[in-house]
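Using the sequences and the accompanying hints, generate a full structural model.
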Amino acid sequence: MDSPLIKLTNLFFKYNNSEDFALSDINLEIRKGEFICVTGSSGGGKTTLALALCGFIPHIIEGNFEGNVSFQGYDTDKLTIAEISQLIGLVQQDPENQLVTSTPIEEIAFGPENLCLSKEEIFERVTRSVSFFNLDSLAFRLINEMSGGEKQKVAIASILAMRPKVLVLDEPTAFLDKKSTNELLEVLKDLNQNEGITIIIIDHQPSEFKKYINRMIIVEKSRIKADLDNKSIDYDSFIIPRDNLIDIQSIKAKTSLKSLIRIRDLNIVLNNRKILKNINLNIKPGLIYGLIGLNGSGKTTLLQSILNLIPIQKNIFYNDQTISEIPTYKLANDFGLVFQNPNHQIFEKTLMKEILFAPRNFKQNLNDASMKAEILLSEVKLEQYSNRTPFNLSYGEKRRLNICSIEIYEPKLLLLDEPFIGQDSKNVTFLLNLLKKRKMDGKTTIIVSHRPELYDIVDLFLVLDNGKLLFEGNPTEVISFFQQEDQGFFI
Amino acid sequence: MNDFEFKSSKDYYFKKNKGVKTNPLVKFIIVLMVSLALFINIELIKIFGIVLVLLLFYLVWPFPYEIAKPRYKMITTFSLTIFLVQIIFNQNGEFLFYLLSFKINNSGPFLPIYSDGVYQGFLLMGRFWGLISVSWIFVNSTNPFEFAQSLTKIRIPYRIAFTLSLALRFTPVFNNEIKIIQNAQQSRGLNVKSNDIRGIKNILQFTLIPLIGSTLNRILGLTISMEGRAFGSYNMRSFIHDVPFTFSDLIKLISAITFLTFFSLL
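Chains A and B are the protein sequences, given in the same order. The numbering of the first sequence is this note's numbering, which starts it at 1 and goes up by one. The numbering of the second sequence is this note's numbering, which starts it at 492 and goes up by one.
FYI, nobody ran anything at the bench for these hints, they're computed from the structure. Be aware that one or more of the hints could be misleading.
[Unchecked claim] Distance condition first, Cα-Cα at most 25 Å in a straight line; then the derived DSS-like pairs of lysine-lysine:
no., chain 1, residue 1, chain 2, residue 2
1, B, Lys670, A, Lys314
2, B, Lys512, B, Lys670
3, A, Lys252, A, Lys7
4, B, Lys670, A, Lys274
5, A, Lys330, B, Lys684
6, A, Lys353, B, Lys692
7, B, Lys644, B, Lys564
8, A, Lys353, B, Lys644
9, A, Lys225, A, Lys179
10, A, Lys274, A, Lys314
11, A, Lys353, B, Lys512
12, A, Lys349, B, Lys564
13, B, Lys670, A, Lys330
14, A, Lys225, A, Lys426
15, B, Lys692, A, Lys314
16, B, Lys692, A, Lys363
17, A, Lys119, B, Lys644
18, A, Lys32, A, Lys165
19, A, Lys381, A, Lys14
20, A, Lys436, A, Lys252
21, A, Lys363, B, Lys684
22, B, Lys644, A, Lys349
23, B, Lys692, A, Lys349
24, A, Lys284, A, Lys330
25, B, Lys692, A, Lys330
26, A, Lys119, B, Lys512
27, A, Lys277, B, Lys670
The structure presented is a predicted model; accordingly, all values stated were derived computationally and were not measured.
This is the structure:
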């Protein structure tokens with residue numbers, strides 16, 4: 001058997017600002033050619049494990065580090081990060097945090113340039129990475145103007161240009177649509193099988209990678225709970241039971257003929273690009289909507305326009321009043337929006353204050369709101385952090401906090417932009433319960449997501465394609481429409 | 492031809508920069524020359540002449556990057572404040588008039604205005620507008636990383652040069668983040684209207700925490716991203732292409748130096 005590329009022995013790690021160990025007694029060997037999925041509960045230590053595997057712990061991130069990490073037999077303290085980076089590369093969870101330069105081509109060349117390679121070698125590596133991800137048409141675009149999915153591809157391509165032997169990807173498909181996810185997985189398979197690169201994917205949905213992986217590591221509460229080969233993996237245990245989903249769909253919606261929101265001829269132009277084109281839509285009360293479409297199709301822009309967050313004309317109507325005439329902070333009493341990036345929507349110093357932020361602005365009874373906040377925090381398993389700073393929470397925990405901060409005042413319309421990112425199946429259950437309760441109360445929800453579970457949850461789909469409303473219908477109609485149009489990649 | 496294909500390093504450079512063909516270092520020297528001219532000249536007509544040319548150029552010329560969007564309202568308010576401070580507190584020169592010419596009981600008129608105060612007010616306002624406009628033109632027409640690369644040609648260590656380019660690269664990102672944070676605040680019922688005193692108070696009170704949180708998070712992410720790709724590990728760094736210094740750059744540089752020198756001496 002080959003000697004391991006990376007070996008973790010009796011590893012313990014605790015962040016400087018934390019009381020608990022993020023990694024405890026980790027023993028792990030990573031070998032050439034493996035395709036591994038690291039999964040487990042949200043906040044359980046998966047991302048910390050990735051940082052240790054890549055040498056960032058203890059080289060960059062300080063804390064209480066015990067045990068040993070070795071790369072091809074060399075201890076981590078005998079190597080520099082530059083040396084480790086040529087063996088293993090990390091694609092971070094949020095591509096926004098990874099991209100350093102202005103254009104994809106600069107970004108991909110950045111690593112090879114740092115290695116002082118010749119122009120020819122850099123160009124060869126850039127060309128190869130570009131072709132792997134079909135980034136030809138994006139190569140010269142400004143990164144600031146690209147969608148989340150496009151940025152994710154650039155981030156992976158830029159790590160690939162370092163020619164690592166091991167590639168670690170933290171929730172790589174979180175921001176990708178189905179088409180891009182499939183493309184990415186095929187590229188990873190190609191890298192694994194033809195180039196011999198070891199792939200380690202950190203994700204809450206291992207079933208999505210069923211076809212590709214040959215080993216699964218389950219991390220729970222800072223420890224490795226299981227290290228399984230392909231034959232021993234029970235994928236069903238990671239899938240949300242379909243009954244739980246259909247349960248929501250089967251609730252009879254308390255809807256009415258009168259629309260909650262009417263959108264007429266909505267056109268949105270941002271930075272000289274037409275993002276939304278001639279949208280006509282009636283949002284009915286009491287329904288759960290799924291807003292789907294490829295990356296960059298205008299989904300987030302549509303949500304923002306409903307909350308009057310971007311300049312709109314008199315195209316959107318709520319209670320027979322044009323939304324452009326109602327300031328967002330007043331509309332917010334009835335409409336709540338959970339944004340994609342959790343860090344942008346945390347304003348207070350403790351979790352409790354954060355949840356009470358909106359009730360305080362709406363001058364609601366704070367005693368009642370505090371009681372409700374405690375229940376919500378316990379439902380999302382964050383009650384123990386109630387008086388701690390929210391900034392030390394994991395990505396998934398922050399997103400749960402964001403949802404609680406909106407749901408505390410139970411808006412008539414809840415807009416959720418990619419709510420499933422960073423959530424394990426238990427926390428998805430919290431979201432499902434929330435959707436169920438909202439539907440029973442006759443409240444409307446619009447969910448932007450690429451997750452297949454959406455087909456068993458929503459009442460109506462809105463399909464956006466290149467800024468246009470391509471189709472509107474129930475899940476069965478949408479599936480049949482896609483089959484007719486040969487656009488199976490949406491499903 | 493495929494979008495990604497190009498024949499030479501120079502071809503690549505021009506394609507990437509969408510036709511902007513001036514070497515970043517040449518642009519930077521011209522910016523320094525213009526700034527110097529704004530400080531050397533003391534004639535208002537020359538100062539405002541430079542400002543007018545810069546503003547017209549800024550408004551008419553298409554720029555490939557949009558790093559700093561002009562905030563006319565803020566700039567106008569700030570320059571008017573400079574002007575008012577000068578005309579009220581600078582009491583040198585010839586007396587011109589009273590700003591408040593009425594009398595209350597037996598006191599007044601108030602706020603005498605002197606010629607030197609008015610002149611200094613206009614001079615400082617002109618210099619401020621000139622510096623701001625020339626900076627807009629530079630940052631919105633320059634790729635931050637090519638600027639860093641051209642600085643390394645004059646032996647500035649690449650770690651320092653890249654710090655500057657990262658600041659330019661992330662200016663629009665931080666502007667955008669502030670906008671997103673304020674959107675998130677509004678969508679949770681907080682009034683952040685900048686034309687309202689309560690709105691301004693809320694912006695100051697609640698924007699800092701998420702901005703610090705998101706900035707610290709971004710700094711950690713960027714450190715991992717850069718060091719994880721060997722940034723700073725070697726004393727030297729290679730580049731995928733050269734930033735060419737062309738004959739046209741030389742002509743532009745000589746023309747700018749000659750024009751600004753004669754203009755200042757006239």
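We went through each hint and held it up to the structure:
| no. | hint | in the structure |
| --- | --- | --- |
| 1 | B:Lys670 / A:Lys314 | holds (22 Å) |
| 2 | B:Lys512 / B:Lys670 | violated (33 Å) |
| 3 | A:Lys252 / A:Lys7 | violated (54 Å) |
| 4 | B:Lys670 / A:Lys274 | holds (20 Å) |
| 5 | A:Lys330 / B:Lys684 | holds (12 Å) |
| 6 | A:Lys353 / B:Lys692 | holds (18 Å) |
| 7 | B:Lys644 / B:Lys564 | violated (39 Å) |
| 8 | A:Lys353 / B:Lys644 | violated (52 Å) |
| 9 | A:Lys225 / A:Lys179 | violated (33 Å) |
| 10 | A:Lys274 / A:Lys314 | holds (18 Å) |
| 11 | A:Lys353 / B:Lys512 | violated (53 Å) |
| 12 | A:Lys349 / B:Lys564 | violated (33 Å) |
| 13 | B:Lys670 / A:Lys330 | holds (18 Å) |
| 14 | A:Lys225 / A:Lys426 | holds (17 Å) |
| 15 | B:Lys692 / A:Lys314 | violated (30 Å) |
| 16 | B:Lys692 / A:Lys363 | holds (18 Å) |
| 17 | A:Lys119 / B:Lys644 | holds (16 Å) |
| 18 | A:Lys32 / A:Lys165 | holds (8 Å) |
| 19 | A:Lys381 / A:Lys14 | holds (21 Å) |
| 20 | A:Lys436 / A:Lys252 | holds (11 Å) |
| 21 | A:Lys363 / B:Lys684 | holds (18 Å) |
| 22 | B:Lys644 / A:Lys349 | violated (46 Å) |
| 23 | B:Lys692 / A:Lys349 | holds (18 Å) |
| 24 | A:Lys284 / A:Lys330 | holds (21 Å) |
| 25 | B:Lys692 / A:Lys330 | holds (18 Å) |
| 26 | A:Lys119 / B:Lys512 | holds (21 Å) |
| 27 | A:Lys277 / B:Lys670 | holds (24 Å) |
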